[in-house]
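Chemist: Sequence:
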Amino acid sequence: MLRTLSLLLVLFLPLSSIQASDYREGVHYQRIQNPLISRLEKRHKVIEFLWYDCESCYQIEGVLRQWLDQKPTDVQFERLPAVTQPEMTYFARAMEVARQLKVLDRIHLPLFTALHGQHRPLREEKELSKFFSEFGVQSSQFKTFFHSGFVTSRVNQARRLGNRFGIAGAPTFVVDGRFRVDPTMVRSPQELMQV
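Be aware that the sequence shown starts at 29, since it is given in my numbering, and climbs by one per residue.
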């Protein structure tokens with residue numbers, strides 16, 4: 029598990045002179061108080077908790093994509109919505125709609141770019157529905173899923189898991205259900221990914 033944490037740190041900060049061994053618990057990452065550990069898991073798991081309205085989440089995407097292209101085969105990666113404040117629920121619902129409609133991989137980066145690069149007004153449901161239609165999702169389908177009990181349940185699950193891991197904001201990475209790192213612990217997106 030420490031190997032995965034070190035890999036996450038090293039791969040995200042290739043230009044740094046800091047070695048993985050220079051990272052200290054309590055300074056650069058936190059040990060989760062009540063970890064979720066499965067002794068049966070042979071793979072390591074990295075979860076990114078993100079919010080589409082978060083500039084830091086958008087800025088880290090390039091470095092994260094590089095890491096994803098190079099990550100070891102025994103590391104599973106998952107994106108979940110960070111839901112630490114009520115206003116984060118809207119884009120958490122959007123992420124879960126995209127996941128359920130099997131367009132999350134196609135919509136993920138374009139949604140960030142639309143919000144932060146193009147400054148599109150997607151903070152209203154009608155506009156967000158139009159955005160989803162650019163990826164083949166019909167307006168009625170979007171609306172049905174966006175307001176569904178299933179999506180509400182998924183958002184609530186992400187909120188509870190985030191609370192369990194002590195997520196205070198986005199982006200935050202959890203490694204093997206035992207370690208947490210977020211931007212307040214590092215100096216740059218590159219260093220965040222290296223930790």
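Bear in mind the hints are in silico, worked out from the structure with no lab data behind them.
Just so you know, not all the hints are guaranteed correct.
Claimed, not checked - In silico DSSO-like links for lysine-lysine, alpha-carbon gap of 30 Å or less:
hint	residue 1	residue 2
1	171	154
2	130	171
3	130	99
Chemist: Does each hint hold? Answer for all of them.
Modeler: Verification of the hints:
no.	hint	result
1	171 with 154	holds (9 Å)
2	130 with 171	holds (16 Å)
3	130 with 99	holds (23 Å)
Going down the numbered hints, you'll see the structure goes against none, and every one checks out.
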